[in-house]
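These protein sequences, in sequence, are chains L and G.
So the first sequence is numbered by numbering that gives the first Met the number 0: it starts at 0 and just counts up by one.
So the second sequence is numbered by numbering that gives the first Met the number 0: it starts at 0 and just counts up by one.
What the hints contain is simulated information worked out from the structure, not anything from laboratory work.
What you are looking at is a predicted structure, and each value in this text was computed from that prediction instead of being measured.
Ideal Cβ placement from N, Cα and C applies to all residues, glycine included.
Among the hints, erroneous ones may be present.
What the hints assert, rightly or not - Just a sample of chain G residues kept apart from chain L, beta carbon distances all over 12 Å, derived: (1) Ile5; (2) Ala29; (3) Leu39; (4) Asp60.
Said to hold, decoys possible - From the structure, some residues in chain G lie toward chain L, with a derived Cβ separation under 7 Å: (5) Phe30; (6) Asn43; (7) Lys69.
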Amino acid sequence: MAKKIDYDLIILGAGPAGMTAGIYAARKQLDTLILTGDIGGQATWSADVENYLGYIYISGPELVRKFEEHLLKFPVDIEYTRAAKLSQINSGFRVDTEDGRVFTAKSVIVATGKSPRMLNVPGEKEYVAKGVTYCATCDGPLFAGKNVAVVGGGNSGLDAAVQLMKICPKVYIIEATERLRADAVLVDRVRASGNVDILTNTLVKSIHGNMLVDRITVENTSTGEVRDISVEGVFVEVGLAPNTDFIKDLLPLNEYGEVAVDCAGRTPIPGLYAAGDVTIDPEKQIIIAAGDGAKAALGAYSYLVRLPSATDWSTEATCET
Amino acid sequence: MTDKNITVYSTPTCPYCRQAKEFLQERGVAFTDLNVATDLEARNAMVQKSGQLGVPVIEVDGNIVIGFNKSKLEELISQ
Numbered sequence: 000m001a002k003k004i005d006y007d008l009i010i011l012g013a014g015p016a017g018m019t020a021g022i023y024a025a026r027k028q029l030d031t032l033i034l035t036g037d038i039g040g041q042a043t044w045s046a047d048v049e050n051y052l053g054y055i056y057i058s059g060p061e062l063v064r065k066f067e068e069h070l071l072k073f074p075v076d077i078e079y080t081r082a083a084k085l086s087q088i089n090s091g092f093r094v095d096t097e098d099g100r101v102f103t104a105k106s107v108i109v110a111t112g113k114s115p116r117m118l119n120v121p122g123e124k125e126y127v128a129k130g131v132t133y134c135a136t137c138d139g140p141l142f143a144g145k146n147v148a149v150v151g152g153g154n155s156g157l158d159a160a161v162q163l164m165k166i167c168p169k170v171y172i173i174e175a176t177e178r179l180r181a182d183a184v185l186v187d188r189v190r191a192s193g194n195v196d197i198l199t200n201t202l203v204k205s206i207h208g209n210m211l212v213d214r215i216t217v218e219n220t221s222t223g224e225v226r227d228i229s230v231e232g233v234f235v236e237v238g239l240a241p242n243t244d245f246i247k248d249l250l251p252l253n254e255y256g257e258v259a260v261d262c263a264g265r266t267p268i269p270g271l272y273a274a275g276d277v278t279i280d281p282e283k284q285i286i287i288a289a290g291d292g293a294k295a296a297l298g299a300y301s302y303l304v305r306l307p308s309a310t311d312w313s314t315e316a317t318c319e320t
Numbered sequence: 000m001t002d003k004n005i006t007v008y009s010t011p012t013c014p015y016c017r018q019a020k021e022f023l024q025e026r027g028v029a030f031t032d033l034n035v036a037t038d039l040e041a042r043n044a045m046v047q048k049s050g051q052l053g054v055p056v057i058e059v060d061g062n063i064v065i066g067f068n069k070s071k072l073e074e075l076i077s078q
């Protein structure tokens, strides 16, 4: 059976922004496709959510499950693959996916969110899920009884270290700057543990192993000393980066790689919107991403109903700045 | 459809493992859930079969799926 490839609207990503956009688009009866690698995005990783309206307390996975249940009530197509490239064509936009397929639409909403930032050192990519991991919560228990390194001295790094120091004989915390940036209560806890070594002014230069990781090479930037440390796990906790590689040649991005949008979620390209954590909006919250998604879908709807006459993008809505 | 031999290698704390198991339950397919956080034998089997030290790993009749790859799983269980 030949699968449908052309739509009114393609939404990239299915976190809170993408899923909300999907619901709004479906209610406007737009022929909509969501392309996404996963359901929930970063919300899946949020342990406790206590500020999403209507829920005094809910876990991230539970909230994502409710979002998904809600979305699936509507006739929206979902394909589980990510965009590798987004480009403009005469009829609107073309998306080339990571698994080699092509989809087209008159309008697109970029809601691809953020992913854990990589170290970008030799060996990292080769050993992903072979000792290198970006999810301490998921994979931490697999390293029980092994020596591990946590890269990053912020709160997420120390959270990982606190979890790992209970099950690993030795935990190294590797921080590039001269001191840990995490909250004092976490720093005190790891210092008191007795089995955590804190290496400040230290960079991971490379990751090595055979089938699985067995050591890392680190450099002390104040002394210049380079040495190997035997570890079987490398937990990378150095923040998040927006998923905008596939549009970096198409759209203006800010210094962090986030997509520039106006107050209506519009990018400089007519018919192309962005929503949620992938945008320059400084506040990264589930409820804000959801609101952004609604805004972008309604914007896409008003753009689509006025096609082909809606060519004057600049006057379509007014955002006073 | 229910005669497939499916094993999910997972940890209790991993949200994608939970999503994967919920997905299989929704499709009404039976599977064996192995907790590799505590079951050392299962952890070694997972590494041996998949070369992976990361969850979830899902085995469908000898085919290894890494991560919660919904389209791949869908394809394997509906074959």
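Each hint tested on the structure:
1. Ile5: 18 Å, holds
2. Ala29: Non-interface label on G/Ala29 holds, nearest chain L Cβ at 21 Å vs cutoff 12 Å.
3. Leu39: 9 Å, violated
4. Asp60: 21 Å, holds
5. Phe30: 19 Å, violated
6. Asn43: The hint is violated - G/Asn43 has no Cβ within 7 Å of chain L, the shortest such distance being about 11 Å.
7. Lys69: 4 Å, holds
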